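Numbering (the numbering used here), first residue to last: 3 to 170.
Honestly, the hints are just simulated from the structure, not real lab data.
The reader is advised that the hints may include incorrect statements.
[As the list claims (entries may be wrong)] Straight-line C-alpha distance at most 25 Å; calculated DSS-like pairs for lysine-lysine:
1. K66 <-> K109
2. K72 <-> K51
3. K83 <-> K109
[As the list claims (entries may be wrong)] DEER-style ranges, computed between Cβ atoms:
4. V29 <-> S106: 21 to 27 Å
5. K147 <-> G20: 34 to 40 Å
6. E154 <-> D22: 46 to 52 Å
Being a predicted model, the structure only gives us computed values, none of them experimental.
Beta carbons are placed, not taken as given, at the ideal position from N, Cα and C, and that holds for glycine.
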Amino acid sequence: MIRNSRFSETVKEIMRMGLDPSKGSFVTAIGVLSSLSKSSWEAKLEIYKRWGWSEDEVLSIFRKQPICMKSSEKKIMCIMKLLVTKMGYDKCQCLQNPVILMLSYKKRILPRCSVIKVLISNGLVEKDRSLGTMLYMSEKDFLQKYVTNFVEKNPDLLNVYQGKTNVL
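Using the sequences and the hints given, assemble the complete structure.
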């Protein structure tokens with residue numbers, strides 16, 4: 003339970019960050035910010051800054067999807083390293099899709115990026131795949147579109163998706 007003074011400070015801070023009190027994300031932001039220590043918030047800010055994001059950009063993703071700041075520092079680093087360094091996505095694509103930070107790294111992001119990486123390297127799909135579309139679609143749709151459709155050209159795709167063949 004949050005004490006009245008802490009609650010009041012949290013609400014004021016969220017207002018300063020530019021969140022709209024009439025939106026549901028405002029209430030979520032209260033819960034997120036009140037659950038993080040100042041040092042934890044600062045540590046997460048620093049991680050994003052290391053990836054070239056400004057404080058305004060971090061606040062922008064917080065306004066869009068406050069819960070993304072609940073991800074651990076380790077998870078944020080893993081996701082950003084994979085998407086930016088290994089997959090070549092621009093930080094702006096991550097900014098446009100902050101929900102990505104809430105997805106499971108091991109169960110969704112890594113397997114899907116592995117498949118896409120193989121398809122790109124084999125010239126079967128173009129590099130400019132929509133990051134959000136690829137990660138948000140259902141497992142059934144992803145498997146159909148990116149594994150089943152290309153398994154004849156690359157029989158190892160299912161193993162890549164299941165993590166039996168390491169590509170990243």
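Going through the hints against the structure:
Between K66 and K109 the CA atoms are separated by roughly 24 Å; this keeps the pair inside 25 Å, and the hint holds. Note on K72 and K51: the hinted pairing holds, with a Cα-Cα distance of about 17 Å set against a maximum of 25 Å. With a CA separation close to 17 Å, the supplied pair K83 and K109 stays within the 25 Å bound. With their beta carbons about 25 Å apart, V29 and S106 fall inside the hinted range of 21 to 27 Å.
Checked against the given bound of 34 to 40 Å, the beta carbons of K147 and G20, roughly 37 Å apart, stay inside it. The hinted window of 46 to 52 Å between E154 and D22 holds, with their beta carbons roughly 50 Å apart.
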